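Keeping the supplied structure of chain P fixed, place chains E and R upon it in accordance with the hints.
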Amino acid sequence: MKYFKLPDLGEGLQEAEIVEWHIKPGEEIKTDQLLVSVETAKAIVEVPSPQDGIIQTLFGGPGDILHVGEPLVEYQGETQEDTGTVVGEMKPINENLNTSDDHFIIGSAHHRSAPQKRCTPAVRALAKRLNVDLAMVSASGSSGLITTEDVEKAHQMTTEKGEQFILRGVQRVMANNMTKAHEQVVQVTIHDDVDIHLWPEGTEITIRIARAIKTACDVEPNLNAWYDGNEMTLRPLKKVDLGIAVDTPDGLFVPILRNIGQRDQNDLSDGLNNLRQAVKNRKIPPSELIGGSITLSNYGTIAGRYGNPVVVPPTVAIIGAGVIRDAVVAFEGEVAIHRVLPLSLSFDHRPITGGEAGRFLKAMMNDLALEN
Amino acid sequence: MLTAKHQKNNFFSETVAEFNITYTQLINHLGESVHPLDEDLESQKLLSDLYKSMVFIRMFDKKAVALQRTGQLGTYPSSLGQEAIGVGIGHAMNKDDVFAPYYRDHAIHYLRGVSLADMLLYWGGDERGNIISNAPQFDLPNCVPIATQITHAAGIASALKIRNEKKAVVTTCGDGATSRGDFYEPLNLAGAWQLPMVIVVNNNQWAISVPREIQTAAETIAQKAIAAGIPGEQVDGNDALAVYSVVDKALKKARAGKGPTLIEAVTYRLSDHTTADDATRYRSPEALNKGWEMEPVKRLQTFLHNKNGWGPEQEREWIAECDKKIAEGVDEYLNMPEAPPEDNFNYLYAELPYTMKEQRDHMIAKAERLNAANASNDSNDSNKREA
Amino acid sequence: MTSLPPLKKTLVEAVNLALAHEMRRDESVVVLGEDVAANGGVFRATEGLKDEFGIRRVMDTPLAEALIGGVAVGMATQGLKPVAEIQFMGFIFAAMEHIICHAARMRNRTRGRLSCPMVIRAPYGGGIHAPEHHSESIEALFTHIPGLRVVVPSSPMRTYGLLLSAIRDPDPVIFLEPKRIYRASKQEVIDNGEALPLDVCFTLREGKDITLVTWGAMVQESLQAANQLAQKGISVEVIDLATLKPLDMETILHSVEKTGRCVIVHEAARTNGVGAEIAAQLAEKGLLYLQAPVKRITGYDTPMPYFKYEHYYMIHVDEIVRGIEETLAYG
Numbered sequence: 001m002k003y004f005k006l007p008d009l010g011e012g013l014q015e016a017e018i019v020e021w022h023i024k025p026g027e028e029i030k031t032d033q034l035l036v037s038v039e040t041a042k043a044i045v046e047v048p049s050p051q052d053g054i055i056q057t058l059f060g061g062p063g064d065i066l067h068v069g070e071p072l073v074e075y076q077g078e079t080q081e082d083t084g085t086v087v088g089e090m091k092p093i094n095e096n097l098n099t100s101d102d103h104f105i106i107g108s109a110h111h112r113s114a115p116q117k118r119c120t121p122a123v124r125a126l127a128k129r130l131n132v133d134l135a136m137v138s139a140s141g142s143s144g145l146i147t148t149e150d151v152e153k154a155h156q157m158t159t160e161k162g163e164q165f166i167l168r169g170v171q172r173v174m175a176n177n178m179t180k181a182h183e184q185v186v187q188v189t190i191h192d193d194v195d196i197h198l199w200p201e202g203t204e205i206t207i208r209i210a211r212a213i214k215t216a217c218d219v220e221p222n223l224n225a226w227y228d229g230n231e232m233t234l235r236p237l238k239k240v241d242l243g244i245a246v247d248t249p250d251g252l253f254v255p256i257l258r259n260i261g262q263r264d265q266n267d268l269s270d271g272l273n274n275l276r277q278a279v280k281n282r283k284i285p286p287s288e289l290i291g292g293s294i295t296l297s298n299y300g301t302i303a304g305r306y307g308n309p310v311v312v313p314p315t316v317a318i319i320g321a322g323v324i325r326d327a328v329v330a331f332e333g334e335v336a337i338h339r340v341l342p343l344s345l346s347f348d349h350r351p352i353t354g355g356e357a358g359r360f361l362k363a364m365m366n367d368l369a370l371e372n
Numbered sequence: 001m002l003t004a005k006h007q008k009n010n011f012f013s014e015t016v017a018e019f020n021i022t023y024t025q026l027i028n029h030l031g032e033s034v035h036p037l038d039e040d041l042e043s044q045k046l047l048s049d050l051y052k053s054m055v056f057i058r059m060f061d062k063k064a065v066a067l068q069r070t071g072q073l074g075t076y077p078s079s080l081g082q083e084a085i086g087v088g089i090g091h092a093m094n095k096d097d098v099f100a101p102y103y104r105d106h107a108i109h110y111l112r113g114v115s116l117a118d119m120l121l122y123w124g125g126d127e128r129g130n131i132i133s134n135a136p137q138f139d140l141p142n143c144v145p146i147a148t149q150i151t152h153a154a155g156i157a158s159a160l161k162i163r164n165e166k167k168a169v170v171t172t173c174g175d176g177a178t179s180r181g182d183f184y185e186p187l188n189l190a191g192a193w194q195l196p197m198v199i200v201v202n203n204n205q206w207a208i209s210v211p212r213e214i215q216t217a218a219e220t221i222a223q224k225a226i227a228a229g230i231p232g233e234q235v236d237g238n239d240a241l242a243v244y245s246v247v248d249k250a251l252k253k254a255r256a257g258k259g260p261t262l263i264e265a266v267t268y269r270l271s272d273h274t275t276a277d278d279a280t281r282y283r284s285p286e287a288l289n290k291g292w293e294m295e296p297v298k299r300l301q302t303f304l305h306n307k308n309g310w311g312p313e314q315e316r317e318w319i320a321e322c323d324k325k326i327a328e329g330v331d332e333y334l335n336m337p338e339a340p341p342e343d344n345f346n347y348l349y350a351e352l353p354y355t356m357k358e359q360r361d362h363m364i365a366k367a368e369r370l371n372a373a374n375a376s377n378d379s380n381d382s383n384k385r386e387a
Numbered sequence: 001m002t003s004l005p006p007l008k009k010t011l012v013e014a015v016n017l018a019l020a021h022e023m024r025r026d027e028s029v030v031v032l033g034e035d036v037a038a039n040g041g042v043f044r045a046t047e048g049l050k051d052e053f054g055i056r057r058v059m060d061t062p063l064a065e066a067l068i069g070g071v072a073v074g075m076a077t078q079g080l081k082p083v084a085e086i087q088f089m090g091f092i093f094a095a096m097e098h099i100i101c102h103a104a105r106m107r108n109r110t111r112g113r114l115s116c117p118m119v120i121r122a123p124y125g126g127g128i129h130a131p132e133h134h135s136e137s138i139e140a141l142f143t144h145i146p147g148l149r150v151v152v153p154s155s156p157m158r159t160y161g162l163l164l165s166a167i168r169d170p171d172p173v174i175f176l177e178p179k180r181i182y183r184a185s186k187q188e189v190i191d192n193g194e195a196l197p198l199d200v201c202f203t204l205r206e207g208k209d210i211t212l213v214t215w216g217a218m219v220q221e222s223l224q225a226a227n228q229l230a231q232k233g234i235s236v237e238v239i240d241l242a243t244l245k246p247l248d249m250e251t252i253l254h255s256v257e258k259t260g261r262c263v264i265v266h267e268a269a270r271t272n273g274v275g276a277e278i279a280a281q282l283a284e285k286g287l288l289y290l291q292a293p294v295k296r297i298t299g300y301d302t303p304m305p306y307f308k309y310e311h312y313y314m315i316h317v318d319e320i321v322r323g324i325e326e327t328l329a330y331g
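Residue numbers (my numbering), protein chains in the order written: chain P, 1 to 372; chain E, 1 to 387; chain R, 1 to 331.
Simulated from the structure, these hints should not be mistaken for lab results.
It should be emphasised that the depicted structure is a prediction, and the values quoted were computed from it without experimental measurement.
The beta-carbon is built from N, C-alpha and C at its ideal position, and this holds for glycine as well.
Don't take each hint at face value.
[Claimed, not checked] Under the rule of at most 30 angstroms between Cα atoms (straight-line distance), these lysine-lysine pairs were calculated in the DSSO-like manner:
no., chain 1, residue 1, chain 2, residue 2
1, R, K186, E, K357
2, P, K117, P, K128
3, R, K50, E, K166
4, E, K166, E, K258
5, R, K285, E, K357
6, E, K161, E, K253
7, P, K128, R, K295
8, R, K232, P, K117
9, R, K295, E, K366
10, P, K117, R, K295
11, R, K208, P, K117
12, R, K50, E, K253
[Stated by the list, open to error] Not everything, but these chain E residues come out facing chain R in the computed CB check (under 10 angstroms):
no., residue
13, F12
14, V144
15, R163
16, Y282
17, Y349
18, A350
Looking at chain P on its own, in the form it has when it is part of the complex (with noise of 0.2 angstroms):
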């Protein structure tokens, strides 16, 4: 501190005279060192230093009197405590506050408002209540408002006609290319059997398929092709990328086999395996799923005979190969028991042409109707 105050001397004594200093201005001196002799009315009273300091003025000299409180001495260099304040305390609370804010944004913090469901939440909670899942709820109020009766007809729904789930994921990829397709192609499809009874033992359908379906597109490449339906543009692609449908129980996936033309057999072989691999175990990258230029359907494996596989933009063919059955065939002017593969090929008839089309088929047939 700067100056140091007449202190309480006690007793209720107000004032007191000052006797002689044992310091001088100037000089530097200790914590508790004996400052003054003051006399009060009832005693001398030894006044030490509260701390160490050079002194800088003293007030009065012998005989003068000094009242409590009033400035005894100054200290050199000290400046007095400023409390910065004329009530309480205002003590720093912490230099460091974890609580730095330098950065801040001047209104709202900017976010792509998402489309939710909207509803009041009185139907929010009657949902819960009623275990009705607003996600698949239709909306009858304005602008989209989820009401009461929607809740309660939902969950009407359900209790008599059993639980609706939400399609999701592949499901709903499916759903939704399915629809598109729908909504832009012009499809037709044309039937046919081919007489396989020369195939040796232990034939991989499916290659043989693949390399059937890469015979036609040299006849027929713009079946290997994509089409912008806005802008109607076709383009016939330099390679064929074969998508081939794969069904697993979590759904349809496409993956694609790429470029059968320049592949052998072995390789096309590998390749098809480590794709049905990779789909089984759900690890195909998304990449190989895309990109497709002609898609094979191959529902034999299952059931069908005669398919009508939706054409999915932008490609602009689907092969079909149904199940594989011994059928009463004229061979050569006579009955015989052949093994006979029904095929199907769809096509947009937006770019292509029956003609086209069936020379494609044709084509494909004469391919697959030879030993190898």
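This is chains E and R only, laid out in the frame that chain P set:
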């Protein structure tokens, strides 16, 4: 002589401050000058200006009361009997002095250029009455919260002083206002800071129904200035010339940076407090009668007549002129089209925040509905009439 | 122009910095109040101003708060920009008449002819162990009044920017300084005269699980609570109102649209506090976003206790944490 008892208590005190309060009157209630007047005060123009202004204000005031009684004006505080105060102040002020009124200052407003239509707009419940485009733009509008205008005047005077302007502010109030903190606090500041302000108290003896005698124990209101350390004086509030002269002196002093003055103008309220008040409930007819004996207009008329030969001819002429002017003003007021009600939003802040737009639109729509309903009611009425 | 070095300032020092800056920049800015000149203000907010600008512009007034309010009104109508200090918010009541009847209405009732570009500054809030009447938080009395602005800063840097805006604003501003954090921390404040906008909230901390709205000294506890909750994987968005009136609901609604839950924290008493207005508007305009009721964590509807018991009244970090967790657990 100190008795033995006093000596024992060692008790002795001396006078440390005294004061006196002067009272100024130049023309008494009989219309006679009480002592020779200064040259400048004797000027014919000044005297007839003061007189004519009082006549005009009294006539306007009467018209305003009539408008209220016929439902064309809201509650209105008449200045009947108190015209000399406003007229004296109004003539003494410069246009670039600033005025902080209370609510009974019709004379001063008029003399400073406020149009009659604007005055009527205010009492007719329309904020446009405060725009007063022909009057000094820094004058404050009428003030309803009692005495608060005096505090504002202290602020205005502070601004004038800070900017070193050779101007002054005049503020007025009634005798009731002098009981309020907002009377004393700015007086005190005016003294402490030597502010260029003149405070004129219209002591018309009544604060609504509370008579002066029970408003304060102080013998004069003027002496309240002493407590604040500023000069205070009384003047005959029914003597327009005296009021003018005293205010003029105080203003010159203030403008010269010589500090504030409190002036108590002693008059009598010849009207009710406002048109909503009925003074017969608390005031005797005798007291009112007595008040009329002292009234300001007649005495100056007498003085003018004796001095300059002001006669019935001039009187008639002037009254006709006043009639015309007042009729024009009332016409303007009555024919004023309604202001857009959403103006109450448009002047809420310098710029209306987006948070308020919803409410403003709501009011606009509501106004349209109400006005459409009224219009169809009117046309229904007229249809009925025609049928 | 030489670049100004940033200085570390406390909140009250930031007030001083802003005042000095604006008084240099604009001659019409004047300061008045009790003990503001020679003593530099009991909290030193006006330290050094009298020495630099003289007693003509830095005025010690007599002890009369109504006077201070009314004189500021009078000055402001004449084109000065008075910044009046009321020593403690608890003493502002005498000036209410001038604030409400006059300052808030002058522009409106003169249709723009006269206006009141004035600021009333007051230290406010509890928590410094002061004697009674020195710990008031009555901001809601002012936010109720049409024509006023009410601004409450929460950090030294924002105090500087907001006070500049308040002084420059052409309408009256009640600038309430949370005295508990007057010296709580230091922050770099660049004396560049850059003002922060009024009428808008500040998002101090981005989050996605819940929105916490607060102002003033409670910002400290709120940020601490948010930090604690972050350890538990709860992400709290903290919004500082800054301007209590006009209330920027857009920012709050936009946040609650994202988080679906809201907690409001204010030291002031509960009933009809500013939190009530926010909650009402959230119900009006944000009902469809809400996953849980809006929770207000507030002071009690009692006077601030004498300081020995103050800590029972003040809101602690754990109360905020608990309030947020309860709101998140709702439903």
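Results of checking the hints against the structure:
Simply put, K186(R) and K357(E) have alpha-carbon atoms about 39 angstroms apart, too far for the 30 angstroms limit, and the pair is violated. At roughly 14 angstroms between alpha-carbon atoms, K117(P) and K128(P) fall within 30 angstroms of each other, so this suggested pair holds. Taking the CA atoms of K50(R) and K166(E), the gap is about 24 angstroms. The hint holds against a cut of 30 angstroms. A distance of roughly 11 angstroms separates the Cα atoms of K166(E) and K258(E); the hinted pair therefore holds under the 30 angstroms criterion.
For a cut-off of 30 angstroms, the pair hint linking K285(R) to K357(E) stands: about 15 angstroms separates their Cα positions. Restraint check for K161(E) and K253(E): the C-alpha separation of about 13 angstroms stays at or below 30 angstroms, so the hint holds. Using a Cα cut-off of 30 angstroms, the hinted pair K128(P) and K295(R) holds, with the two alpha carbons roughly 22 angstroms apart. Taken as a hint, the K232(R) and K117(P) pair is honoured in the structure, with Cα atoms around 29 angstroms apart against an allowance of 30 angstroms.
Distance check on the hinted pair: K295(R) and K366(E) sit about 35 angstroms apart at the alpha-carbon level, beyond 30 angstroms; violated. Pair hint K117(P) plus K295(R) holds up; C-alpha atoms about 23 angstroms apart against a cutoff of 30 angstroms. With a C-alpha separation of about 18 angstroms, the suggested pair K208(R) and K117(P) falls inside the 30 angstroms cut-off, and the hint holds. Using a Cα cut-off of 30 angstroms, the hinted pair K50(R) and K253(E) holds, with the two alpha carbons roughly 29 angstroms apart.
Given the 10 angstroms rule on beta carbons, the hint for F12(E) is violated: about 32 angstroms separates it from the nearest Cβ of chain R. Look at V144(E): its Cβ gets to within about 8 angstroms of chain R, closer than 10 angstroms, so that hint holds up. Because the beta carbon of R163(E) sits about 8 angstroms from the nearest beta carbon in chain R, less than 10 angstroms, this interface hint is met. Nearest Cβ of chain R to the Cβ of Y282(E): about 27 angstroms, over the 10 angstroms cut. The hint is violated.
A cut of 10 angstroms between beta carbons decides the hint on Y349(E): the least distance to chain R is about 5 angstroms, and the hint holds. This hint holds: A350(E) has a C-beta 4 angstroms from the nearest C-beta of chain R, less than the 10 angstroms allowed.
Hints 1, 9, 13, 16 from the list above are not met by this structure, while the remaining hints are.
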